[in-house]
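*Asks:* Keeping the supplied structure of chain A fixed, place chain B upon it in accordance with the hints.
From first to last, the protein sequence lines are chains A and B.
Residue 842 in our numbering sits at position 842 of the first sequence, with consecutive numbering throughout.
Residue 215 in our numbering sits at position 215 of the second sequence, with consecutive numbering throughout.
Hints listed in this document are in silico derivations from the structure and should not be mistaken for laboratory results.
Idealized CB from N, CA, C, for every residue including glycine.
Some hints could be false.
[Said to hold, decoys possible] With beta-carbon atoms standing in for the labels, derived distance ranges:
#, chain 1, residue 1, chain 2, residue 2, range
1, A, Ile586, B, Arg188, 37 to 45 angstroms
2, A, Asp492, B, Gly102, 53 to 61 angstroms
3, B, Gly47, A, Gly621, 36 to 44 angstroms
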Amino acid sequence: MRDVQSHRLDAAGLVDRARPLGFRFDGRAYEGFLGDTLASALLANGVRLVGRSFKYHRPRGIVTAGPEEPNALVALREGARREPNSKATAVELFDGLSARSQNRWPSLAFDAGAVNGLLAPLLVAGFYYKTFKWPSGFWERVYEPAIRRAAGLGRSSGLPDPDSYEGAYAFCDLLVIGAGPAGLAAALAAGRAGARVILCEEDFALGGRLLCERDAVDGRPAAAWAARAVAELATLPGVTLMARTAVFGAYDGGTFGAVEKVSDHLAVPDPGRPRQRLWRIAARRSVLAAGAIERPLVFPGNDRPGVMMAAASRSYVNRFGVLPGRRVAVLTATDDGWRAAFDLAERGARIEAVIDPRPAGPPALEERARRLGARLLRGGRVAGTHGRLGLTGVTVAAAGGRTERLPVDLLVMSGGYNPNLALTTHLGARPAWSEEIAAFVPGGLPPGMSVAGAARGTLSLGAALREGHAAGREAAEACGLGGCAGEAPRADDEAAGLAASWPVAGARKAFVDFQHDVTVADVALAHREGFRSVELLKRYTTLGMATDQGKLSNLNGHALMAGLLGRPIPEVGTTAARAPTVPVAIGALAGHARGRHFKPTRLTAGHALAAERGATFVEAGQWLRPQWFAAPGEADWLATVTREVRAVREAVGICDVSTLGKIDVQGPDAGAFLDRVYVNGFSGLPVGRARYGVMLREDGFVLDDGTAARLAPDHFVVSTTTANAARVMKHLTYCAQVLWPEADVQLASVTEAWAQYAVAGPRARRLLEALLGAAADVSDAALPFMGAREFEWAGVPVRLFRLSFSGELAYEIAVPAAYGDALGRALLAAGAFLGVAPYGSEALGVLRIEKGHVAGNEISGTTTAGDLGLGRLMSRKKDFVGRALAGRPGLVDPDRLRLVGLRPLDPAGRLSGGAHLLAPGAAATTANDLGYVTSAAFSPSLGRWIALALLRRGPERIGEHLRAVDLLRGTDVPVEVCPPVFVDPEGVRLHA
Amino acid sequence: MPEAASMPGTSRPGTSRPGTPSPGAAAEASLRPVPAFGGLAASSPDGRLVVREREGLGLATVTARRGRGGDLAEVLRASRGLVLRPGPTVSRAGDLALVGTGPETWFAVGAGGGWRFSRALAATLAGLAAVADQSSGYGVLRLSGPAVRAVLAKGVPVDLHPSAFAAGDAAVTLAGHVGIVLWRAEDRADGEEAFDVAVFRSYAESFRHWLFASAAEFGLADGPAPGPGTAGAVSRPA
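Excised from the complex, chain A in its bound form (with noise of 0.2 angstroms):
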């Protein structure tokens, strides 16, 4: 059974009386009505008390009407959907929503928590780093996971989230940020005059504080004239309209970053729609409309739960239909405060005072009022609050100091205004301080922005109207586009005087900052000890820090420590705000891109075939490459592994080598180009044939080593290491573009075009004769080591290059990769009889270890050629990309570190990459370093463990005993230094 809507109006307001929505909270149910916010359907039934405060766990209300909410912090959802910390005031309310109060226990009624507040004298600012100091270790273990127990906000529900988020990019001549009057006549301005417009509302509604003031626009209710801006807007078609879209961040060139609750209004989102989309949109220009978010009054008792802003309300009885109190008293230091007295009266509440702290005001307000039978207090304050839940009464001070107590369930205040400004300042302007309306408003604005309306600083509605309508036009002038604008919308000019009402020292439970307990009493106290500057206020105080980041409290705050300092508020400025402006879901950052999507995965065109052989994969960068493929009955990867490299040693073997970076080199000047980017000389290079070169980075560093084979006189095909592809083919690009633009080369990347696969090992000549059969001639006269070949076959062009890595008689064929994965099977299936094996990534490294041939783990940026016994290759007879700075001291130093091979004493001993070299008997310090393991292996040709290694005078030291010492495994193992080159050292093999 549901309660009745004890303070629902029969008529007011822009709620659909006859759609009704169910919804619980706190396991109640409760009846709400479309166009409800989840603030304004507790309200109607009559609901005060929603939730208990961060520190002291008292007893919170609703105080606002919109995203700058401090108190009405709910979790939203059931189960996975869980959301904390949703503000109740910006949740649009949806049949079977379910909210849970927070930092409550055991009920929101009976909080044990509540004992904090007794505690309140001890837990002040900077409370913890006072007391919770020794023993030092207890912080992370046991201090701060009680503190963060005891205290804090909502609890996420910790399981994946089942949704979708998803990015996406827009583009426009005009980014209206905020759809209330200003930004309405902004976009319409704009918008006819033929400007491609988006509109973005962080509201459902359109209209803003059009939606939630009596006034009247063009001599319409100011609702109805929106609702007509939003329909002119919705036909033009230029303009996009994004409700539920809040703009949290402005960024260089013009971008903006929003995000738009795309689904939120739902109970689940619909089949394919994400639940929230993250856009980047690229604006010529922007007005800033964003509004301004009324500023509170500090006084005693000012948190409890039936204190309310009085613009919001305001929204409550005009756009909810809601009546928030029946008895009520209004605390208002500007003229504008005095509108909630007469708008709630109208609805039927009884307006037993307006409290106004300054001596004088507008007569007609006075006379208004007292036509409405309340009690004016000029000069008067507010000295108390009552009611243990929520508001039973108020105790007033008049100017002579007497005071009274009132019975009301509703007190409203208004404070003035500050204007929504963060977006000017997120490329580094400083707001500027407005003695006129006692605020910060834009100090400069990012480029191409302007700023209409209330975020201005402009409080009346018709100034705010014009503003909005030139911003549009001028935007659209800028942009170039010449229609008819229309005439700006025309509104009265409301009485919108104030005078600043500060805070000052003294009051006692007066919260500045409702979110995080912040006190006057806690201010005066950052300022006895010290934390005056307000950056050190907010940290020591927390004054700010919370999820409404300050919207309400930092300038009564910043203004109470002035008052302390005795210095004006703009010499003791404010905080910076940063982006984002409004809280943003990771999920929402992140988009589709999550899970093992956070990154592309490239797959080889054999990758279904080495699936279907029952490879292992492993990432090698975006890549997955088969690691190795088990056969049954094998017991652990070792196994595999092992037998795997003697199938290559013994017999024949295939690997997929499509992930070699194959860079198309074209042109008259290729050899000479070639000979510039190697070390080593290539415009020699016969035609048919191919060389192992090695390039160096500008600083004299290897850069990456690989082959090139000459197919024509003006056409070779480079490879480079998987890791480098890209890396080479953008210093590659650089040098023909920058370095030496004459040059007469042409550079592709080719890696994906061709599908490539090295058959390797003793057999792979008869596997070759038998899958090629007359289409090409293998034998060792016609394609010996080193050569390179193009024909065709099998109706496809096929390049045959006879190269090793294994130290076996081995080849590499390439196909145009759609034909990569049938030329992975022929090849299995040409091979059968010869027993041959696919062999990964892990045999391939085991097959060039022992053979001493170098990968990533020695080209490690840190390496030159001569460390890693490639000096010879550098020619003296050219100049080449890195020759001058190699020649420097530091890299010809003899004691530098350089390759070598190492084998342990113990034939069962095993090494481990990364283990340190030290000599016998030496502690293992830095001091006695000498070098380390890059590469370990069980080589299966040998029958033990076996490794490359980079040491300090290495070919020096051949036959030296050293240990290999692993501190992380623990291992210390005696070693003998040998040569790098474990199998066939004479080259017997791959010359076969």
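*Replies:* Frame of chain A, contents of chain B only:
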């Protein structure tokens, strides 16, 4: 020695091209190509987005020899009737399109011919340009329909509004985290906009995930299997 015709992955007897050289053990067999997207064809139920892989295209990168861009343009005009337009745009004549991808650099698209396309183009442009076959290097999808721009906007940081990206305009850009070459194709017969997207072959699966995730709200139904999947266990480097 196995019978070549029984090899997995080779075409069945009768499907090999007449006149294909039939040497040695591979006699009677020609290898079966696998399209980058596995022949993807998919559509949202209401036709707001239609996705179709353009199979069998001839693709090549074309880079003018130093200082020969003018001669190259002249030869293309004379031999193929193609007027080469500067900048990131598509120049078309008959079955040939050249997509501007950089200074003096084009992505050439032939309506057919596969790897043979680049041979013919290289012969035409001998001495004037470097031509590298990319027929296998990219998969090309044709995306069209009233939702096509809304879907592309979810990953492509380029303004594709007709006022900014007209028919024939091209961009080398990104879709999500995947590099693409994108150009506005000729509108469909029903007047709906169409775009061609060229994706490096190895990224096809990742692009496909992005596309289907982004088009999910339009009900894009999952097409046929995308060729090579990511089946198989993945181990992390130790």
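*Asks:* Indicate, hint by hint, whether the structure satisfies it.
*Replies:* Now the hints, each set against the structure:
no. : hint                                     : in the structure
1   : A:Ile586 to B:Arg188: 37 to 45 angstroms : 39 angstroms, holds
2   : A:Asp492 to B:Gly102: 53 to 61 angstroms : 60 angstroms, holds
3   : B:Gly47 to A:Gly621: 36 to 44 angstroms  : 39 angstroms, holds
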